[in-house]
Amino acid sequence: SAVISQKPSRDICQRGTSLTIQCQVDSQVTMMFWYRQQPGQSLTLIATANQGSEATYESGFVIDKFPISRPNLTFSTLTVSNMSPEDSSIYLCSVEERAYEQYFGPGTRLTVT
Amino acid sequence: SQQGEEDPQALSIQEGENATMNCSYKTSINNLQWYRQNSGRGLVHLILIRSNEREKHSGRLRVTLDTSKKSSSLLITASRAADTASYFCATDWGSARQLTFGSGTQLTVLP
Numbered sequence: 001s002a003v004i005s006q007k008p009s010r011d012i013c014q015r016g017t018s019l020t021i022q023c024q025v026d027s028q029v030t031m032m033f034w035y036r037q038q039p040g041q042s043l044t045l046i047a048t049a050n051q052g053s054e055a056t057y058e059s060g061f062v063i064d065k066f067p068i069s070r071p072n073l074t075f076s077t078l079t080v081s082n083m084s085p086e087d088s089s090i091y092l093c094s095v096e097e098r099a100y101e102q103y104f105g106p107g108t109r110l111t112v113t
Numbered sequence: 001s002q003q004g005e006e007d008p009q010a011l012s013i014q015e016g017e018n019a020t021m022n023c024s025y026k027t028s029i030n031n032l033q034w035y036r037q038n039s040g041r042g043l044v045h046l047i048l049i050r051s052n053e054r055e056k057h058s059g060r061l062r063v064t065l066d067t068s069k070k071s072s073s074l075l076i077t078a079s080r081a082a083d084t085a086s087y088f089c090a091t092d093w094g095s096a097r098q099l100t101f102g103s104g105t106q107l108t109v110l111p
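Taken in order, these protein sequences are the chains called A and B. Anchor point for the first sequence: position 30 equals 30 in my numbering, and the numbering is continuous, going up by one each time. Anchor point for the second sequence: position 65 equals 65 in my numbering, and the numbering is continuous, going up by one each time.
In isolation and in its complexed conformation, chain B is listed as follows (with noise of 0.2 Å):
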């Protein structure tokens, strides 16, 4: 079964309001990481956060981990109507270089 757990599995905001999505996994990690999929297409890399750091920051994006929860939160601030795709989470741990994925939040910005 796959390793992350996203919630939730689908959000509507308007447009200018902040979307934050969570994320759950089930073992210890090394690192977890935020992608971005408009409409079945490739995946766009947002940000990767390490086991060891707490908080992220990019531009609009602020991702959390809390490691002894098994958890990360996504949050997209002042989200506009071109965020609109859905956003995965993916893991990586012990010696593997492959990554597992969670299910998916499908984010729509209404404008």
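Same shape as in the complex, but just chain A (with noise of 0.2 Å):
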């Protein structure tokens, strides 16, 4: 299966700033998604990336808030934006390979104080 990589594996961060995630495939793929994971909980689905245009968001996410890049098809960036201590999570972006198969990278555990 496809490797990914994701930057940074973690970080802590102040209220009101901003934390870019990079993910990084090393093959092309069509579908990319970005999920967060609260302190115990499952896994939502953010948004969907797509290639050379706007993302779609999930409800109860937006692009203000969560704005996405996916300028080709081994790379996209999620910007965690004007963070609160709730956004604290571990951040994962996934990939799809064979039909519907997806795969995770290692994810970003972000921690707002």
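In case anyone wonders, no lab produced these hints; they're calculated from the structure. A quick note: this is a predicted structure, and the numbers were derived from the prediction, not measured.
Computed from the model, here is a short list of chain A residues facing chain B with C-beta under 10 Å: (1) Gln6; (2) Met31; (3) Tyr35; (4) Gln37; (5) Pro39; (6) Gln41; (7) Leu45; (8) Thr56; (9) Glu58; (10) Ile90; (11) Leu92; (12) Glu97; (13) Tyr100; (14) Tyr103; (15) Phe104.
The calculated label-pair distances, taken between Cβ atoms and stated as ranges, are: (16) A:Gln22 <-> B:Asp7: 33 to 39 Å; (17) B:Arg54 <-> A:Glu54: 39 to 45 Å; (18) B:Thr108 <-> A:Ile63: 39 to 45 Å; (19) A:Thr30 <-> B:Ala10: 34 to 40 Å.
The beta carbon of each residue, even a glycine, is placed where N, CA and C say it ideally should be.
These two chains come separately, so use the hints to put the complex back together.
Below, the structure is given as structure tokens:
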């Protein structure tokens, strides 16, 4: 399966600041997604990162708060803007390889103080 | 709300025993996938079962799917301490490619 990396692996940030998370895949993929996992919870889809166009956001997530870029078929970024302690979560990117099979990056653990 | 609910929420067994986790979902699906997550790290893909399949095996893993009951089970045979992790089911449906995750089962295998 594709090798997926994320940077940073973890960070501690102050409230009101922004953090950009990078997701890099070692092969070209069409479908790429961003998920959030709040402490002790399951995963929730934030958005689908579309190459060359705006991301498609799920209910409850907005572009101003979570801007996403997808400049090519191997790379995407998610920015968490104007952070508050409620944004403390693990953020994971995933890619679809074989039909409907999704594979996940190692995640970025964010703590907002 | 999340598509899937898993039970039990937590399961503790001895090494060598079998572990069974169940997942229920609400709408018709295309596929159901199982993932493992160790200590808040990334998810490891275990197995995908399609809606027209009833059972699938991969090593010590056995997955069943009952679309009439909208449920799936994951059986891990001869468990090992290294199987200690959280296990999640995830479904996709309709034309959407995104996954909806269950609430997860925390499995602890005692040596």
